[in-house]
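Colleague: Each chain, letter by letter, is given below.
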Amino acid sequence: MLISDSEILEKFAKESSRNEAFELLLQKYQQKIYWLCRRMVIDHDDADDLVQEVFIKVWKNLDGFRRDAQLYSWIYRIASNECLQFLEKKKKRNHSSIDDFGDTLADNLSSSDYLNGEQIQRRLYEAMETLPAKQKLIFQLKYFEELKYEEISVALGTSVGALKASFHLAVKKIEDYLLTQD
Amino acid sequence: MRTKVHTENWQEQAPKLAQMEKINPFVVPDAYFETLSGRINKRIAQETKKPAKARIIPMWTRYAAAACLTCILGITLYLNLQKNTSAKVNWDEIPEQEIVAYLEMNIEDADAVLIINQLGEQRTPGLITGANEQELATYIDQNL
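Sequence lines, in order, name chains A and B. The opening residue of the first sequence carries number 125 in this note's numbering; numbering runs sequentially from there. The opening residue of the second sequence carries number 1169 in this note's numbering; numbering runs sequentially from there.
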């Protein structure tokens, strides 16, 4: 049985059980955050770096976490920011346009040592690589993580209306891509 | 792990996507998740043990500090010079009695030559009546 977020926070507040609380937090969230990062950046090593950075930030800032937000929303927020910043930096390093950058990630997808699955799944990920980074993130949080719009709104600091519009636009682009590949 | 997509109102807009099963096509290295928390904890331990970074002082602050120091030294020196200059003795303000008392207390034999020379230049007739220079020199040699 997974421990609740409030129990983790209570344990973390006590110096004597702080390490235990963080270990429980890692067990609960590390895979979710890894997969979020992995789908965003495709490459395993990059995702590995990112997930470590995310949890280091969680450790450093958990003391100041205010309970007016859900813990998982807060962790998703940190992870989302890390992913977007990483993609932005990588794009600048490559001096490439957004479109070219999408192609680069799609190339990573096809050359990844750690990718299997059916062709149609590959095409879904290729289609996702055509989306702008934030739209891709919104699509992921809604489609794969199955978060509610209200939860994504807290995590990304974007209005529910804007999220709905962005998600539907992403869905349409992906559908078009899948149809053209048939 | 395969789960059916929770169809929402977007399925009409994207029937092909809606029909797809969610399959994670990515794989991770063996035992990756078993070791992940250990590596994260190790990184955290390293981060918290990091020594404080040496503070880098910008060059302009160094120049500013040097300029301030120079100004302080200059002002101090100037004020000291002013003080010494203004400490000139105004002889007119010192009573004659005090000068005489000072001379009586501090005059030494070595001053005799100077006094003799002064006497030689400003010979006062009343003082040397009845004594020639030879006698006077003898007297001084014997008594001073």
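Hint data in this document are derived by calculation from the structure and do not stem from the laboratory. Incorrect hints may appear among the rest.
A few chain B residues that face chain A, going by a derived Cβ cut-off under 10 Å, partial list only [what the hints assert, rightly or not]: (1) L1204; (2) I1212; (3) E1272.
Using C-beta positions, here's what the derived DEER-type ranges look like [what the hints assert, rightly or not]: (4) K184(A) <-> E1180(B): 53 to 59 Å; (5) G1242(B) <-> E139(A): 42 to 48 Å; (6) R142(A) <-> P1226(B): 45 to 51 Å; (7) F268(A) <-> P1183(B): 16 to 22 Å; (8) Q259(A) <-> A1233(B): 28 to 34 Å; (9) S140(A) <-> P1183(B): 53 to 59 Å; (10) L293(A) <-> I1225(B): 25 to 31 Å; (11) I1225(B) <-> A193(A): 47 to 53 Å; (12) S283(A) <-> A1232(B): 29 to 35 Å; (13) K1251(B) <-> D187(A): 27 to 33 Å.
25 Å max Cα-Cα, derived BS3-like pairs, lysine-lysine [to be verified]: (14) K288(A) <-> K1184(B); (15) K1184(B) <-> K258(A); (16) K1251(B) <-> K156(A).
Glycine included, each C-beta is placed from N, C-alpha and C at the ideal position.
Colleague: Which constraints among the numbered hints does this structure fail? Numbers only, ascending.
Modeller: 3, 4, 5, 6, 8, 10, 11, 12, 13, 16
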